[in-house]
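Colleague: Here's the letter readout for the chains.
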Amino acid sequence: MSRVHNWQIGREMEYPYEGARPKRQFAAVFDTNKCIACQSCSLACKGAWTSGRGQEYMFWNNVESKPYGFFPLGWDVKTLEKLGVRDQKGPVYEGRTLFEAAPDGERVLGYLPEDSDWTFVNVGEDDSAGVGIDRGAFFEIPHMQWMFYLARICNHCTYPACLASCPRQSIYKRPEDGVVLIDQTRCRGYRECVKGCPYKKTFFNPVTKVSEKCIACYPRIEEGRISTCMAACIGRIRLQGFVSTPENAREDNPIDFLVHVRKVARPLYPQFGTEPNVYYVPPIHVPAAFLGQMFGHGADAAVKAYRGASEDKDLLAVFTLFGSCPTLIHRFRREGDVALGFSEDGTEVARVPLYEPSIIRPFHDAARGAYRHNTT
Amino acid sequence: MRRTLLALALVVSGLPAAASAEEAAAAPGVSMVVVGGKGPIADVAAFAQAPALKVVLMPQVATTPRNPAPATSSLDVRAVRNDDHAGFLLEWDDDSPDVRARIDGFGDMVAVQLPVVAGTLPAPFMGNKGGRVQILQWRADWQTDVDKGAVTMRELYPNAYASDFHHEDHLPAAEAVAYRGAVSLGNPMSDRQRTSSVQDLMAEGFGSLTPRQTQAASGAASHDGKRWHVVITRPLEGRGESAASLAPGTSTNISFAVWNGSHREVGARKAWAAWVPLAVVK
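As you go down the protein sequences, you meet chains A and B in turn.
Its first residue numbered -19, the first sequence is counted upward by one per residue in the working numbering.
Its first residue numbered 585, the second sequence is counted upward by one per residue in the working numbering.
For reference, chain B alone in the conformation it holds in the complex:
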């Protein structure tokens, strides 16, 4: 079953259709290199000894809305672990970094996806009913929130008139709630004191993406003018409900997605990859 699914996914990905199930099963996966220490892995230098796997990305065309020609065609992936955390270094070409979401503009993003039940193969496209996946999504605009502070209209539009009077500043807290929209309701998208650039999510198919109660992932990023270098890190143990376990000595599967903000890629308009094996080395 696993072989069949992998072969199917790889054919869909645009790899040569002649790839047999045996060849697909033997396809190189991601193997974590063990590094010393504890805690979140945020430094790119930690990945120096980890080999890179080039993952082919394909357009998301399984559901609407879709973008048949996403900007990104491949992603280089490296993985390491220390005593209690895993880290993924994700690198791809993008010569126009989008680090803020304007009214008509989108931020760059990358995500890794893991089956909640280790080693299983839910539908690679955000899982399926009963086949839940955990998704860790790094967002460039969240990274900017963390690094430089929450976005303001003055920063986005320095030459626009922007009133400094806001009802929310002049009302008792209970009454100000109505003027703060999603901020008041605790939508994580609207967090004004953000501490992580990575959102910890779960899904069981298209349109079901939901933040997990336990947010355990974080990230770091740099852009060299041509490429993004993004690290996503999380504890090895699955914390909270619907968390994929990454216990040393086990193997599971992993897949990826990339959004290029300049190309208005957001939500279902993305480039994504099929599952590849992930070995959590003991």
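With the rest of the complex left out, here is chain A:
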């Protein structure tokens, strides 16, 4: 085991390989408050990459309802149960990561889902949690009853558990963009990666007899374009780019701005220790204890920052750029009430007003001698 630094848990940790950060790291921010679970992302990915034989059950991208939705069944609660529920309550995580908690003879603490676990892709859809609503109740934040949608892809972790689990070193992390791939010529279908990945985002193909996973649409990234799940998002909940480590954060990098500067987006289950690189704006209507378990230290501060976005024009500018263009936005700038996005070579690729123009028409239309109603 080597010692590597994981900034998300604020300390060094054990990992089977020496730490070698890529030149830049694929990352995305998903705003859970905007997701409506339309599954456009899931279908875009399905059509692009998993229409083949043996891939029928796979969703490299899926959207599940939380807290009762899972794909595969119970993926996160099963791992949390094995790890022993230890939330990251401060900047430094004091519990054990999945690498540090690995049983004797294993590289990672994990489990192999059973066939039936993959069967109910949309189990728990829209099921809500929380206390009963009594007579006289009214909506409060956080809600008495709540649920939210969690869109999930491979996190292209800095310290991937799939990569750590593979005894053949068939999984590698691209030095140019941090995308994690399974070498399709080298894999022998042991499923150690399926067992090891806590997010359950590697899949065994029983027809090709090897495992497969999200490739972050790397051919598109190489052309400076966003991945297909991001491009298909009609709710504009997603922003794709590259994340830096905190000490190298660049304020004009929209991902860095959200993750490191405004700290409005948090990793998914940082206590697992893999340093996942899809960051989530936590749902603002959900109890803090749940958010703390799922998004770690700072989830409450992220909610606070998000609720203040209407007063924070720079933050509003970045959120305005979500889903604004098919090109990867490397830098952003706000000019007054307009957000600008730039590609890697500095070309302006997005220009979006922070506010839509609005016209307030009088209740009485004198020209037509009619009254306007706000219902029809």
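Keep in mind that a hint or two might mislead.
In silico DSBU-like cross-links for lysine-lysine, where the CA-CA straight-line distance does not exceed 35 angstroms [stated by the list, open to error]:
hint: 1; chain 1: A; residue 1: 284; chain 2: A; residue 2: 69
hint: 2; chain 1: B; residue 1: 638; chain 2: B; residue 2: 713
hint: 3; chain 1: A; residue 1: 46; chain 2: A; residue 2: 14
hint: 4; chain 1: A; residue 1: 3; chain 2: B; residue 2: 713
hint: 5; chain 1: B; residue 1: 638; chain 2: B; residue 2: 810
hint: 6; chain 1: A; residue 1: 26; chain 2: B; residue 2: 732
Calculated directly from the structure, the hints in this document are not laboratory data.
Note that the structure is predicted; figures quoted are calculated from it, not measured.
With chain A fixed as given, assemble chain B onto it according to the hints.
Modeller: Relative to chain A, chain B alone:
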């Protein structure tokens, strides 16, 4: 050196620690019985005159991941040769044959290992740097591919919804490549027109297992409800690079591994044996 290594390996295997180097060296090995004819030896009847050697199997605990309690504790081995081929009959107890690899299930497997340089003793655990081994691995799911055709989702999951539309069927070959994954890239694991249930591999230590360019081995198998009976056959001459020679009149070493699919044994999670002497009778 050879005696020391053998003694060490046998102690590790769980045999009585009191076994001396002399006793280990005198341990019974596998001796090939000569049968007539030429070509691959696929028929179990060919082994009728060959004595069986009971090989003790031990858990693989030298590297991770490991399974300290594999399902199989011994393997019966018989060996024959004809004019140009060697055959190994491998039999072991397994009352739950696993002949297809499902999403959460593994197929049964057995393998024989030979040092590439005859008579040497590389590390018994898949060889070592500079101590290359040839491994012939029979896979139950490959046997089913050969006997019944390539696996389909409908066969594995007859009650599941499985779309019959696949991009690969509706695109020019050059564009379909991206939709066929490991099949397009020629990974032998994914061969859809399989002709052999045995994969011909080489290794120089853990994690280095690599298919040989020349695939020269084949196999046959039956299961009687309680035991597997598997034949692995290959030419006596070593064909292609990194092929162990089995020239008549020479002696070398051989070792074995067994995987029980029902117990989720795969890769490094296996039961294996130390080297035993192998005589290729003239």
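Colleague: Work down the list of hints and note, for each, if the structure agrees.
Modeller: Each hint, compared with the structure:
Note on residue 284 of chain A and residue 69 of chain A: the hinted pairing holds, with a Cα-Cα distance of about 17 angstroms set against a maximum of 35 angstroms. Distance restraint check for residue 638 of chain B and residue 713 of chain B: the Cα-Cα separation of roughly 30 angstroms lies within the 35 angstroms cut-off, and the hinted pair is therefore satisfied. At most 35 angstroms may separate the alpha-carbon atoms for a hinted pair to count; residue 46 of chain A and residue 14 of chain A meet this at roughly 14 angstroms. For the proposed pair residue 3 of chain A and residue 713 of chain B, the alpha carbon gap of about 32 angstroms is at most 35 angstroms, so the pair holds.
About 17 angstroms separates the Cα atoms of residue 638 of chain B and residue 810 of chain B, which keeps this hinted pair within 35 angstroms; it holds. As the CA atoms of residue 26 of chain A and residue 732 of chain B are separated by approximately 30 angstroms, the hinted pair is consistent with the 35 angstroms bound.
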